[in-house]
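From first to last, the protein sequence lines stand for chains A and B. Numbering follows the working numbering, with no gaps: position 241 of the first sequence is 241. Numbering follows the working numbering, with no gaps: position 172 of the second sequence is 172.
Please keep in mind that the hints were generated in silico from the structure rather than gathered at the bench. Heads up, a few of these hints could be off.
Said to hold, decoys possible - Which stretches of chain B does chain A cover? Using the computed rule of at least three CB atoms under 8 Å from a CB of chain A, they are:
id, stretch
1, 69-80
2, 99-108
As the list claims (entries may be wrong) - In silico contact screen, one side only, chain B against chain A (beta carbon under 10 Å); selected entries:
id, residue
3, Phe-15
4, Val-83
5, Pro-111
Claimed, not checked - Listing some non-contacts, in silico: residues in chain A with all C-beta distances to chain B over 12 Å:
id, residue
6, Ser-36
7, Asp-151
8, Val-246
9, Gly-247
10, Gly-248
11, Asp-250
Each residue gets a CB set at the ideal place from its N, CA and C atoms; glycine is no exception.
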Amino acid sequence: MTVCRRHWRPGMAEARQQTTRGAASAQTPWRDQLRSWFSHHRRSAHDSALRLRNAPLSSLMTGLVMGIALALPTALFLIMASIQQIGGGWEQAGRLSVYLTPDTGIERAEALADRWIENAAVGDVTVIPRDEAMETMRSSEGLSGTLDFLDGNPLPHTLVLTPDPAYREAAALEDLAERLRQADGVDEVKLDLAWLQRLNAMAKVLGRATQALALLLVVGVVLVIANTVRLAIESRRREIIVARLVGGTDSFVRRPFLYTGLWYGALGGLLAWWLVEVAFWWLSGPVGRLAELYNSGFELQRPGIDEVVLLLGCAVVLGWLGAWWAVHRHLRAVEPE
Amino acid sequence: MIEFRQVTKRYEQQFTALRGVSFALGRGEMAFLTGHSGAGKSTLLKLIMLMERATAGQVLVGGQALEKTPRRRIPYIRRHIGVVFQDHQLLFDRTVFDNVAMPLQVTGVPPNEIGRRVRAALDKVGLLKKEQLNPISLSGGEQQRVGIARAVVNKPPLLLADEPTGNLDPALSSEIMDLFREFSRVGVCVMVATHDIGLIETMAQRTLELSQGELVHDGLPAALETGHG
Numbered sequence: 001m002t003v004c005r006r007h008w009r010p011g012m013a014e015a016r017q018q019t020t021r022g023a024a025s026a027q028t029p030w031r032d033q034l035r036s037w038f039s040h041h042r043r044s045a046h047d048s049a050l051r052l053r054n055a056p057l058s059s060l061m062t063g064l065v066m067g068i069a070l071a072l073p074t075a076l077f078l079i080m081a082s083i084q085q086i087g088g089g090w091e092q093a094g095r096l097s098v099y100l101t102p103d104t105g106i107e108r109a110e111a112l113a114d115r116w117i118e119n120a121a122v123g124d125v126t127v128i129p130r131d132e133a134m135e136t137m138r139s140s141e142g143l144s145g146t147l148d149f150l151d152g153n154p155l156p157h158t159l160v161l162t163p164d165p166a167y168r169e170a171a172a173l174e175d176l177a178e179r180l181r182q183a184d185g186v187d188e189v190k191l192d193l194a195w196l197q198r199l200n201a202m203a204k205v206l207g208r209a210t211q212a213l214a215l216l217l218v219v220g221v222v223l224v225i226a227n228t229v230r231l232a233i234e235s236r237r238r239e240i241i242v243a244r245l246v247g248g249t250d251s252f253v254r255r256p257f258l259y260t261g262l263w264y265g266a267l268g269g270l271l272a273w274w275l276v277e278v279a280f281w282w283l284s285g286p287v288g289r290l291a292e293l294y295n296s297g298f299e300l301q302r303p304g305i306d307e308v309v310l311l312l313g314c315a316v317v318l319g320w321l322g323a324w325w326a327v328h329r330h331l332r333a334v335e336p337e
Numbered sequence: 001m002i003e004f005r006q007v008t009k010r011y012e013q014q015f016t017a018l019r020g021v022s023f024a025l026g027r028g029e030m031a032f033l034t035g036h037s038g039a040g041k042s043t044l045l046k047l048i049m050l051m052e053r054a055t056a057g058q059v060l061v062g063g064q065a066l067e068k069t070p071r072r073r074i075p076y077i078r079r080h081i082g083v084v085f086q087d088h089q090l091l092f093d094r095t096v097f098d099n100v101a102m103p104l105q106v107t108g109v110p111p112n113e114i115g116r117r118v119r120a121a122l123d124k125v126g127l128l129k130k131e132q133l134n135p136i137s138l139s140g141g142e143q144q145r146v147g148i149a150r151a152v153v154n155k156p157p158l159l160l161a162d163e164p165t166g167n168l169d170p171a172l173s174s175e176i177m178d179l180f181r182e183f184s185r186v187g188v189c190v191m192v193a194t195h196d197i198g199l200i201e202t203m204a205q206r207t208l209e210l211s212q213g214e215l216v217h218d219g220l221p222a223a224l225e226t227g228h229g
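Based on the sequences and whatever the hints tell you, model everything.
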């Protein structure tokens with residue numbers, strides 16, 4: 001109000017002094033102004049929350065729409081993170097299987113192992129003699145019967161190389177595999193990178209799709225909140241008009257609606273979190289069994305504290321944005337006539 | 001306090017609501033604004049409130065020319081003007097106290113101060129005991145008095161009233177007029193728009209009469225003037 005005073009000519013100031021103590025507002029010191037600004041924020045926040053509570057069903061509906069829309073991308077992002085973690089795990093274990101030609105003897109296999117262990121790129125070499133490979137096969141379910149039909153052991157001796165940690169990138173491994181292929185007695189070098197690359201490529205596609213979906217749903221969330229706040233503005237038309245008539249500024253009139261959006265955001269975020277937790281709990285059993293069948297340590301990662309904070313923060317910001325948009329578009333139209 | 005200089009207001013449909021209206025009203029002065037419905041009373045009040053802008057001429061309130069006021073400054077002008085409406089414009093989703101407190105909340109008066117001032121205003125209009133009621137449970141006259149309390153709660157130098165006694169019986173009307181006169185005695189500039197000729201004559205105050213957008217009379221009520229002449 002001190003600002004206003006500058007614009008207010010002396011005539012008015014005198015009149016004010018005559019009217020006992022005059023327009024009180026103009027004399028409010030800044031400290032009180034600040035305190036009342038905070039007080040209005042608190043009141044707006046409180047009133048908006050009360051309004052939501054007083055209409056629990058419709059608030060819950062809006063919150064759920066927002067919650068579902070946010071839970072979907074959140075869950076997908078978490079699943080992505082889990083998948084990337086298996087990718088990472090296997091990449092570390094990325095091994096080279098070197099199959100020797102059938103006529104190569106075990107001595108040659110041992111000699112190659114001794115030579116290769118000297119290579120800087122190789123961390124460890126294990127020789128799997130053909131008999132041992134046969135035993136392993138025989139012990140796996142389903143195959144034992146079939147193997148009995150074979151005469152003799154068709155398997156070659158095999159060397160399994162674990163690369164040195166410094167040479168674990170795909171290119172370095174390809175390079176190493178190429179060099180191993182040159183060695184005498186080597187039939188085939190199998191580098192299990194292809195499937196890993198496929199998995200990574202698929203994860204990338206899924207990641208993009210998730211991002212696109214997230215973007216669409218985020219727009220949807222903003223629109224839902226904007227529409228809800230627009231309805232709130234309509235239903236509080238009289239109040240807005242009176243506030244304007246008694247000198248309420250745009251930001252004064254706006255404030256309660258922005259808080260409404262903010263609360264919807266918080267509610268939607270909490271519901272989204274809850275939905276993700278429930279869905280992951282529901283899925284954890286089957287996913288665990290599936291992972292077990294694949295001999296994998298894969299498990300769905302539940303949202304951690306960082307993810308929850310991020311989710312709630314995003315939800316609140318989105319709610320606020322939706323409200324801001326509605327207020328920006330519709331509040332100006334509500335003027336006293 | 002209020003000055004009109006050759007003010008004309010034309011609406012889009014070629015309808016001229018005010019034509020070359022000029023007058024000035026000083027502080028502590030009280031005046032009636034009268035005329036048939038459609039004569040331009042409401043338009044004139046709306047120009048002062050900045051709910052409308054003049055097509056031509058100048059409106060000055062508190063020495064400030066309103067035509068240059070940007071939209072964002074309008075609230076600060078309105079804070080110096082108390083307005084009493086014929087239809088009260090009270091909110092029925094809150095108590096009498098909260099209705100009267102609105103102008104103070106808007107201007108950022110500290111909460112503890114609000115209580116004191118709202119009660120002072122309600123005391124002035126004799127409704128101190130009804131502060132916690134919902135205005136919907138009050139009579140028409142009481143509702144109008146709540147409207148007056150709200151208009152004066154931040155002690156504006158200018159008070160406008162649009163048909164404040166429209167739906168009230170003569171006894172209540174004169175009670176409300178006495179309130180307005182009291183405000184003008186302490187320096188508030190009061191302007192009351194009404195077509196209640198009887199009331200105007202008993203009050204014997206300056207009267208501005210509009211007819212088809214033109215100011216046709218400015219002075220004591222016409223009946224009194226001829227009586228004196």
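Going through the hints against the structure:
As drawn, the stretch 69-80 of chain B meets chain A at 8 residues by the rule of a beta-carbon pair under 8 Å; at three or more, the given contact holds. Coverage of the stretch 99-108 of chain B by chain A holds in this model, with 7 residues showing a Cβ closer than 8 Å to a Cβ of that chain against a need of three. The restraint placing Phe-15/B at the interface with chain A is violated, with a minimum CB-CB distance near 16 Å, outside the 10 Å limit. The restraint placing Val-83/B at the interface with chain A holds, with a minimum CB-CB distance near 6 Å, inside the 10 Å limit.
For the restraint placing Pro-111/B at the interface with chain A, the shortest Cβ-Cβ distance is roughly 5 Å, inside the 10 Å limit, so the hint holds. The Cβ of Ser-36/A does not lie farther than 12 Å from every Cβ of chain B; its closest approach is about 4 Å, which violates its non-interface assignment. Separation of Asp-151/A from chain B is adequate, the least Cβ-Cβ distance of about 93 Å exceeding the 12 Å criterion. Distance check on Val-246/A: its Cβ comes as close as 4 Å (rounded) to a Cβ of chain B, failing to clear the 12 Å threshold; non-interface status is violated.
Not every beta carbon of chain B lies more than 12 Å from that of Gly-247/A, the smallest distance being close to 4 Å; the non-interface claim is violated. Distance to chain B contradicts Gly-248/A as a non-interface residue, since its nearest Cβ pair spans about 4 Å, not more than 12 Å. Look at Asp-250/A: its CB is around 7 Å from the nearest CB on chain B, not clear of 12 Å, so calling it non-interface is violated.
The structure is inconsistent with the numbered hints 3, 6, 8, 9, 10 and 11, although it conforms to all the rest.
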